[in-house]
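Chemist: As a plain string of letters, each chain reads:
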Amino acid sequence: MAILKEPDFGTPKSKAATMVSLEIDGIKVSVPEGTSVMRAARQVGQEVPSLCAADMLDAWGSCRMCLVEIEGARGTPASCTTPVREGMKVKTQTQRLEKIRRGVMELYISDHPLDCLTCAANGDCELQDTAGEVGLRDVRYGFEGEKHFGAGADPKDESNPYFTFDSSKCIVCSRCVRACEEVQGTFALTIQGRGFDSKVSAGIMADDFFGSECVSCGACVQACPTATLREKAVHEHGVPNRSVLTTCAYCGVGCSFKAELQGDQVIRMVPHKDGGANEGHSCVKGRFAWGYATHKDRVTTPMIREKTTDPWKEVSWDEAIHYAAQRFRTIQEKHGKGSIGGITSSRCTNEEVYAVQKLIRAAFGNNNVDTCARVCHSPTGYGLKTTLGTSAGTQDFKSVEQSDVILVIGANPTDGHPVFASRMKKRLREGAKLIVADPRRIDLVRSPHVAASHHLQLRPGTNVALMNALAHVVVTEGLVDEAFVAERCEAREFDRWRTFVAEERNSPEALEEKTGVPADDVRAAARLYATGGNAAIYYGLGVTEHSQGSTMVMAMANLAMATGNIGREGVGINPLRGQNNVQGSCDMGSFPHEFSGYRHVSDDKVRTLFEGDWGVKLSPEPGLRIPNMFAAAVEGSFRGLFVQGEDIAQSDPNTRHVTAALEAMECIVVQDLFLNETAAYAHVFFPGTSFLEKDGTFTNAERRINRVRPVMAEKNGGMAEWDAVCRLARAMGYNMHYDSASDIMDEIARLTPTFKGVSFARLDREGSMQWPVDDAAPNGTPTMHVAGFVRGKGRFMITEYVPTEERTNRSFPLILTTGRILSQYNVGAQTRRTENSRWHEVDRLEIHPFDAEERGIADGDMVSIQSRMGAVTLPAMISERMPQGVVYTTFHHPTSGSNVITTDQSDWATNCPEYKVTAVQVARSNQPSEWQMELENLYETNYRRAAVEPAE
Amino acid sequence: MNTATFVGGEDLADLIRMANQIAAFFGAYPEDEAVPGIAGHIKDFWTMHMRRKLDAHIRAGGEGLDPLVMKAWPGADATRAA
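In order, the protein sequence lines correspond to chains S and H.
First residue of the first sequence: 1, per our numbering; consecutive thereafter.
First residue of the second sequence: 953, per our numbering; consecutive thereafter.
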């Protein structure tokens, strides 16, 4: 499509129910009370000019361009700050207004360079457009006076890798400052100086943008009406001339973007205002870090090799597919049907994931399929299905706008899910109360205009104890919502749970020693959660990646049910899911025990349905989970693996065990953008496509199915992942064929009740839909469990606290926990290949000053981190965010090898690894660990590529 | 073609640990509910290979296993048609 410009109504939408009728230039209009005159005018197509107004920001009233005349009112009020009144008669254009506006514009332009033709905003400049609209023909004041451009201008600030700040173009409309405050919530920008000296500043005088508090979300750039803040790509290439609506491929927030292009070259990604998940906001990853898609490291040709130490040989797609098929079949002939399997990707589309699990179940003939959710949110699926009946979060993101109390557990939204964090912070600034349960003092605990009422700084591994203590207070202090529980939940299970949590051993006082959280804080937090109005729980991997991950999910569901905080807007229990399509990959049947829509493979009725559709007999036995695959590989019975878009060698725990398993296999097929860490052990490489080349859908953490649309042709020889997978299936003797990704979605809808009403045509029409989309909810389901729980009655589960077997002792006295940082994403394969690395060049070990001093460690020293599993060396960062006794690192760089030290401990129900608790010792060190040195060797031996023979 | 379908390689010690973890969760319930709870969980999520390996260990006395796992075992090991 041509460039898409969403309408801007100038001021935010009013949520009032009462309607007000008025007349604008003779046109009758009816709008909600509290609407501005500007918005009402623009709604009926009367475009009042403005410079400082934008509908994502509150009215500001500074530019004096939007003046109107109102019958019976004195003067010419600003339409952006004037609310509508019943019977009002407004004129947006009169001779008087025309004269005033032209005069104001003349003043603006007297302090603005006239280099429009060579300006980066040429053709995309609101100042230029408005000057045109008001008919500016002359600037009587001249350009000789004191001014902000030319010789007197400040130098351009080019410090941010993605955008420039050129104050000579600034008209001090404050839109950037307000966007930073109101939309992003970082408060990094301000206007410094007064009167004519006013200018935008990123902090103090000495700060540039890069060195400031700015998180590079892009909201200021988007808000700027001139070329003051502008993407460097626009400076370099010019303004884009066409748009494609698509979905970000980073985290589980799943922001909608307009990819703005020239030809098939992406100029910029701009968040889409109508995107349900993000409503026009973005973060540094989605907005700017997409350059990896065209990075020189991308492999675009299929490759094969006999042994992993052979150099890679480039071949045709046909040759690669037949080579892989033949090796897989040979393995199965020798070692049995169950000796191969595959891993689907949470980075890929629903359609691609569905095709891979079908390949495995139908062509491989077994259920040996798993996905990366195994290592992140599998306990969410298990815990929420057991208690509520559905393996997914209960709310849409917008719901947080109705929350009065927000309980954040084991999540760091400002780094991990920044766009949702901005929504949450906005609600907190409006007065909602915040409780944070986290061993670290995450940014949310105290950041500009946000302060947690309670920070429950618990010891890693004691989540369930803390949750039981909170529930104890609710039950013993009479804070249960008895009516809700009586109507909505199973009475027997509730009574039993009530008795259990009421036991004295579950009181905050009894558990204080275990959790490390003062009992009074726990009591106060529980009272706030239970009585503070709409209370919502948001949680992350700090909940799930524990030996009691599933128990903890159930404990949170218990608490929400007991206090009636489920089944309406503003409440609920919400996993903040890690990857763009991790919800979707689970929905699509990526787990070894269930088909799409979470139906067990042993269910004869369901299996018969799939057998009929797929024309093949299917196994009723659960297949191998990822850890089972590794164990079986080491033992020798599992010999072949197809891995799509997942870097298990870097992301899975106990690296030595993982690499031993990978080394033991006879054939590994990796499909990815890059030769990742897993590819060192692969025999066949299928080049993948980036999200900019894909046609399909992603499902985000709020169950929202969003379209992903290609903005450029596939760079891997025109082969969509699902197409390569179908060809592999056919080469292995199973006839699997689709004409398009849309075809695959039709099959998903046909076989999956919760997707019954989903199709590409409907998604294109509606924008997005949240499953279930079925006969009962033909337009989707923003809030779950409204009239009743999906399982019928809510089920309280007894959640006994069982400490992990991973314990500290004299040899390993510290607990290591892991997490993410804003600028990098997971294993870093994408973000490390962008300028985002400038914010985070290496992973560091955060350590409390006392623990550091005890070991003679100074900030920046190299330290060895040793667990029972292995050791790595990282630079230390002394940080008071850490509690004493706990250290922390990220895992974005492969050479950091944080998984060399993580253990085999896992969640009891789902085998989700216990990444968050590893007992370690930390000591100063002056050399890389043994593993890190081995990795260097591996890079030399296992990544070689044969020279391509020149064409004849 | 070799028709062996059920592969695996878990250490017995891992299987014992995992079974005991499951028992520790369901152990909070009365025995008449805990036993089918454990059995159902193992049947739904464990591979045939894992079940067979633990079965052999149980036949040999089941050393190291929570007594609840031993009680649940007949229900957990129900072999489905391949």
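What the hints contain is simulated information worked out from the structure, not anything from laboratory work.
Since we're looking at a predicted model, the values are computed, not measured.
Here a beta-carbon is modelled for each residue, glycine too, at the ideal position from N, C-alpha and C.
Mixed in with the good hints, there may be bad ones.
What the hints assert, rightly or not - Calculated cross-link-like contacts (lysine-lysine; reagent style DSS-like; alpha-carbon spacing at most 27 Å): (1) S/Lys-793 - S/Lys-605; (2) S/Lys-385 - H/Lys-995; (3) S/Lys-617 - H/Lys-995; (4) S/Lys-307 - S/Lys-334; (5) S/Lys-398 - S/Lys-617; (6) S/Lys-232 - S/Lys-296; (7) S/Lys-273 - S/Lys-385; (8) S/Lys-296 - S/Lys-715; (9) H/Lys-995 - S/Lys-605; (10) S/Lys-337 - H/Lys-1023; (11) H/Lys-1005 - S/Lys-793; (12) H/Lys-995 - S/Lys-337; (13) S/Lys-15 - S/Lys-307; (14) H/Lys-1005 - S/Lys-334; (15) S/Lys-334 - S/Lys-13.
Stated by the list, open to error - Some chain S residues flagged as far from chain H (calculated, every beta-carbon gap over 12 Å): (16) Gly-103; (17) Pro-592; (18) Glu-805; (19) Asp-904; (20) Ser-929.
Chemist: Work down the list of hints and note, for each, if the structure agrees.
Modeler: Checked hints:
| no. | hint | verdict |
| --- | --- | --- |
| 1 | S/Lys-793 - S/Lys-605 | holds (24 Å) |
| 2 | S/Lys-385 - H/Lys-995 | holds (17 Å) |
| 3 | S/Lys-617 - H/Lys-995 | holds (21 Å) |
| 4 | S/Lys-307 - S/Lys-334 | holds (19 Å) |
| 5 | S/Lys-398 - S/Lys-617 | violated (44 Å) |
| 6 | S/Lys-232 - S/Lys-296 | holds (20 Å) |
| 7 | S/Lys-273 - S/Lys-385 | violated (33 Å) |
| 8 | S/Lys-296 - S/Lys-715 | holds (12 Å) |
| 9 | H/Lys-995 - S/Lys-605 | holds (18 Å) |
| 10 | S/Lys-337 - H/Lys-1023 | violated (32 Å) |
| 11 | H/Lys-1005 - S/Lys-793 | violated (37 Å) |
| 12 | H/Lys-995 - S/Lys-337 | holds (21 Å) |
| 13 | S/Lys-15 - S/Lys-307 | violated (64 Å) |
| 14 | H/Lys-1005 - S/Lys-334 | holds (22 Å) |
| 15 | S/Lys-334 - S/Lys-13 | violated (66 Å) |
| 16 | Gly-103 | holds (75 Å) |
| 17 | Pro-592 | violated (8 Å) |
| 18 | Glu-805 | violated (7 Å) |
| 19 | Asp-904 | violated (7 Å) |
| 20 | Ser-929 | holds (25 Å) |
Violation of the numbered hints given earlier is confined to hints 5, 7, 10, 11, 13, 15, 17, 18 and 19; the remaining hints are satisfied by the structure.
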